[in-house]
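**Student:** Each chain, letter by letter, is given below.
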Amino acid sequence: MRLWKSKTSRQNIITLAAVIIVFSAVFFMNQGGMLSSSLSGQLVPICVYIIMALSLNLTVGILGELSLGHAGFMSIGAFSGVLAVTSLGQAIGNPLLLMIAAILIGGVLAAIFGFLIGIPVLRLRGDYLAIVTLAFGEIIKNVLNCLYVTIDPDGLHAAMFSGAKLPGKFIINGPQGATVPEKLSNFGIGFVLVIIVMLIIMNFVHSKEGRAIKAIRDNPIAAESVGLNITSYKMKAFVISAAMAGMAGVLFAMNYSAIEAKKFNFNTSISVLVMVVLGGMGSLRGSIVAAIVLTILPELLRGFDDYRMLIYAIVLILVMILNSNQRFLQFKITLKKKITAMFRKKEAAKK
Amino acid sequence: MAFLSNFINGLSLGSIYAIIALGYTMVYGIAKMLNFAHGDVIMVGAYVSFVSIYSLGTPPILALLISMCVCTVLGVVIERLAYRPLRSAASLAVLITAIGVSYLLQNVALLIWTSNTKVFPSIVSFGSLHIGSLTITGETIVSIITCVVIMIGLTLFTTKAKTGKAMRAVSENRQAAELMGISVNKTISVTFAIGSALAAVAGVLYCSMYPVLVPTTGSIPGIKAFTAAVLGGIGSIPGTLVGGLLLGIIEIFSRAYISQDLSDAIVFAVLIIILLVKPNGLLGKKVTEKV
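These protein sequence lines map, in sequence, to chains C and B. Counted from 1, the first sequence has number 233 at position 233 by my numbering; the numbering is strictly sequential. Counted from 1, the second sequence has number 89 at position 89 by my numbering; the numbering is strictly sequential.
Here chain C stands alone, though its shape is the one from the complex (with noise of 0.2 angstroms):
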């Protein structure tokens, strides 16, 4: 009951509820075939936004870093997952051990890059930080475009330009992409791997570290002149962010038959930043919602395809413009105010 009390823990305790029970709910209805084949089909790509808005959350909204390239975390998830189910697949039988190995690979790489790209990002500040990760997330694209490799008994066999004579069969063929050998994820895997992610996020949220990240987000200076140590604490949330990222690369790649890098392009990254501006900087709950409808709206508007991108274009600056206008806040406020009023008035009438 100490948790209840506490109105932060109460409210993630709400959400993670929440989050469980409408993830059930949709768990059940798929098995029992109730959903429509497109919208089960959305489901693990769905589960993949999630994880991939909330581990961005934790850069741009708790760390308050703009990153322009967390697709390429994403990318090397998927990548080290299909490398590592494609030369794991004889030694683990179980599809669903194979897929928790293939899903730690992809994370601790993902997290080892993480690092190696914070060193220099994390020295930079605001705008200059973000075209660096936008660089970085470019560079991680473009040289999985060109590398190749392939399996045969001896191991794996990688080489960096086209023609290259590799023993064995091709596992990442360049530009072609990677071919997955069996489709790995599934809904509950995703589910799970959606909580567990958002366990992680709020106790590091509300940990000394978190307290630590968020001092330095609200005031660098001041937050060093207490003796924290900035460069630290934010590549702690950073190699976070990026091992949660290529999780959600690898849950993503073993949805389908082949992935190819260029879907791992600057155009994801920025659906993934529209969500979580969207959801609400630093909201876990409003970046769930906003990677669950910005996922879904363009499945919906499939009737009008070929105004689809259009409306969702214009949807996303209307809300921009409506959430900075000042009068629809107030009038936002008020409105709360009043339905609350309304409840009030019917608690006190029952009563």
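The hints are simulated quantities; they were obtained by calculation from the structure and are not laboratory data. Beta carbons are placed, not taken as given, at the ideal position from N, Cα and C, and that holds for glycine.
With a straight-line Cα cutoff of 20 angstroms, these simulated SDA-like cross-link-like pairs (lysine to any residue) come out:
hint : chain 1 : residue 1 : chain 2 : residue 2
1    : B       : Lys285    : C       : Arg125
2    : C       : Lys214    : B       : Ser91
3    : C       : Lys332    : C       : Arg285
4    : C       : Lys236    : C       : Leu199
5    : C       : Lys332    : B       : Ala90
6    : B       : Lys278    : C       : Leu129
7    : C       : Lys7      : C       : Gly210
8    : B       : Lys118    : B       : Ser52
9    : C       : Lys262    : B       : Ile266
10   : C       : Lys165    : C       : Pro153
11   : C       : Lys263    : B       : Leu262
12   : C       : Lys262    : B       : Ser219
13   : B       : Lys32     : C       : Leu124
14   : C       : Lys263    : B       : Asp261
15   : C       : Lys183    : C       : Asn173
16   : C       : Lys336    : C       : Arg285
17   : C       : Lys262    : B       : Ser259
18   : B       : Lys186    : B       : Leu154
19   : C       : Lys332    : B       : Pro85
Covered stretches of chain C (chain B as the covering partner; in silico rule of three or more C-beta atoms under 8 angstroms from a C-beta of chain B):
hint : region
20   : 122-130
21   : 138-152
22   : 269-278
23   : 306-314
24   : 322-328
Given the coordinates of chain C, work out where chain B should sit on it, guided by the hints.
**Tutor:** Same frame as chain C, but now just chain B:
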């Protein structure tokens, strides 16, 4: 000779990057926002001149003028409708709006001109120049000269003309400029007008060199030019020239001597290295933070 010819090609590609980057740099300097839709204004400029050459049969130079006018109006309208309501909002909100505008322009272009690739006609009517075994194409010469003219013109404009001085004042200190009787909104509109007109020029030049026109044509040169602006120090006009030329030369050289596929990765790697050594870009002003 191959070296010299690559160098000149790099200069001309870099000139185009510099012209585009001017739009980013001026808007950033004055409105303190990253205008992500700038790359798509390039695309609109290229389409408009494509249409006026093919459907209206205008001479190339007139087509260029028409597309400059259209882009100028487009830039001002975008600023008025999408960015002005967000003048006092958080910078991330403005950034997302700019991304929204970018999607909007791409999809409107997709509806009007479809996703079919259009082959852009070169606007340069004279042929190549031969010096010994060195061949310089007309497009190369035109883009380098245009860039030099624009740079000189813009430098004169910001130092001599009244509106140009107002632009510098607003970028220096918005409140103080307003108190001196400068209309901030008008100045920002002028900035967008100039930046968008330059984007039209850059779009036509870029498509004359790489004649493939699709609704997403603008995004890659847009990102590269943005990189060039940051490389040179965002907010500085000479920095933009240096950044643009450097980026163009590095790109052409790495394509020629290292790897065709990895050239983008090399360009971005150079950007990262330079930002690590000079965190505000090559010619950027150092901002000391007051506590």
